[in-house]
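Colleague: Next come the chains, spelled out residue by residue.
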Amino acid sequence: MSGPIMSQSQIVNVQFGETVKIVEPVNLYGCSIGSDCFIGPFVEIQRSVLIGERNKIQSHSFICSLVTIGNDNFIGHGVMFINDLFDSGRPAGGDKSKWKATLIGDYVSIGSNATILPVSICSYSVIGAGSVVTKDITVPGVYAGNPAKLIRKLIK
Amino acid sequence: MSGPIMSQSQIVNVQFGETVKIVEPVNLYGCSIGSDCFIGPFVEIQRSVLIGERNKIQSHSFICSLVTIGNDNFIGHGVMFINDLFDSGRPAGGDKSKWKATLIGDYVSIGSNATILPVSICSYSVIGAGSVVTKDITVPGVYAGNPAKLIRKLIK
Amino acid sequence: MSGPIMSQSQIVNVQFGETVKIVEPVNLYGCSIGSDCFIGPFVEIQRSVLIGERNKIQSHSFICSLVTIGNDNFIGHGVMFINDLFDSGRPAGGDKSKWKATLIGDYVSIGSNATILPVSICSYSVIGAGSVVTKDITVPGVYAGNPAKLIRKLIK
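Sequence order for the protein chains is A, B and C. If you count the first sequence from 1, you need to add 156 to reach my numbering. If you count the second sequence from 1, you need to add 156 to reach my numbering. If you count the third sequence from 1, you need to add 156 to reach my numbering.
It should be emphasised that the hints constitute simulated quantities derived from the structure, not laboratory data. The reader is advised that the hints may include incorrect statements.
Remember, identical chains collapse to one label, so a pair may be satisfied in a single copy or spanning two.
With a cut-off of at most 30 Å between alpha-carbon atoms, the simulated DSSO-like pairs for lysine-lysine come out as follows [unchecked claim]: (1) Lys252 to Lys291; (2) Lys212 to Lys309; (3) Lys256 to Lys305; (4) Lys254 to Lys309; (5) Lys309 to Lys252; (6) Lys177 to Lys254; (7) Lys177 to Lys305; (8) Lys291 to Lys212; (9) Lys309 to Lys256; (10) Lys252 to Lys212.
Required output: the full structure, derived from the provided sequences and hints.
Modeller: And the structure:
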């Protein structure tokens, strides 16, 4: 019996802006991270993710392919993004035509341990810690719960 | 004052099948992982866990002792398994007679950030991201929420 | 274009009691950890956190500034603490006057993937796995759900 095939968490083929700060270990590959972002430890960011400027991505978070994040957002600790809804009752596997996209605007704050299904979240929204976001958010406000619901509107 | 007693996340006493792929750092000890599995970064798998073939265990997940996983399953990112229900109001600690087992069938898909209490989940089930599974799942279907409830049946 | 500014997860300026056990990688800075504690892998503990004696902090957990933990507690896997409620609709950022404190008593058991907002949790309480604790807990009992509610009282 042969041993397992090992690889290391690493930073590969990532396009960085200026003065991005990273605390290793992280696993970042094929993504773009804008200027003045912070990436905490134990973070994974997948291929083709686009992250704008001045975003904080805190420890333990996972950002999957097809996620686009604007500027000035705060992604808490242990936040998980989803691109596969298992619509056929199974993972899409390599069939990327079944993956769905997520779009995060600007000045969005996502609390720790939140789970973000493939949705759009408009600018200036707040997602409570531990929430599960299952639908698009088009009105700036505070959303919380599983599934996340509007708690109060924010005037902008 | 003496310093802390340090050890490193590592792979110790693990029985591997063929062509298992692992992205370090991981902490795997005393478990069995079947052929053609994938183990993502920042994963911990404890003593006596049995994992069959062709399973994907994604980043940030934790699989505790007394969990048995069949074949062809997808375990998302940040999925946590439980074996101690604190039934006496406290952790069982070293008293393994109080730990409870979990059994995952085949072709089960577990969404990211899900929490799996000690239950059985039948083959072909789908667990939504962010769900908390508190009861046995005996009918193939899509389950979601906290606690997880049947959303729709899957015909098999 | 310059490359990112890299740092490593590490243990810096931590005050340890006797026989503390740690599984690296961890990111611990500026905190105090009492005797006979266990700190699992992939854990981050921030500046000024005070942790008493005989606590187990399991893998993947994050403990933020302004958290104080007594003695003999069990913090499960993937537990996230919060100190910023985004009260103004935005992260407090460097304005620590807006951060709120959390106080965990003694003999508290917190299940895996739980999310703990800035609250007090009294001694001998049990928090179910996957719960989101949004209010002070002043009566010893078992609490679960999102938001966490009393499931049953524990006589002490």
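Colleague: With reference to the structure, classify each hint as holding or not holding.
Modeller: Against the structure, the hints come out as follows:
no., hint, result
1, Lys252 to Lys291, "within (21 Å within a copy, 33 Å between copies)"
2, Lys212 to Lys309, "within (24 Å within a copy, 40 Å between copies)"
3, Lys256 to Lys305, "both (21 Å within a copy, 24 Å between copies)"
4, Lys254 to Lys309, "between (33 Å within a copy, 20 Å between copies)"
5, Lys309 to Lys252, "between (35 Å within a copy, 25 Å between copies)"
6, Lys177 to Lys254, "between (33 Å within a copy, 24 Å between copies)"
7, Lys177 to Lys305, "neither (33 Å within a copy, 39 Å between copies)"
8, Lys291 to Lys212, "both (23 Å within a copy, 27 Å between copies)"
9, Lys309 to Lys256, "both (27 Å within a copy, 22 Å between copies)"
10, Lys252 to Lys212, "both (28 Å within a copy, 17 Å between copies)"
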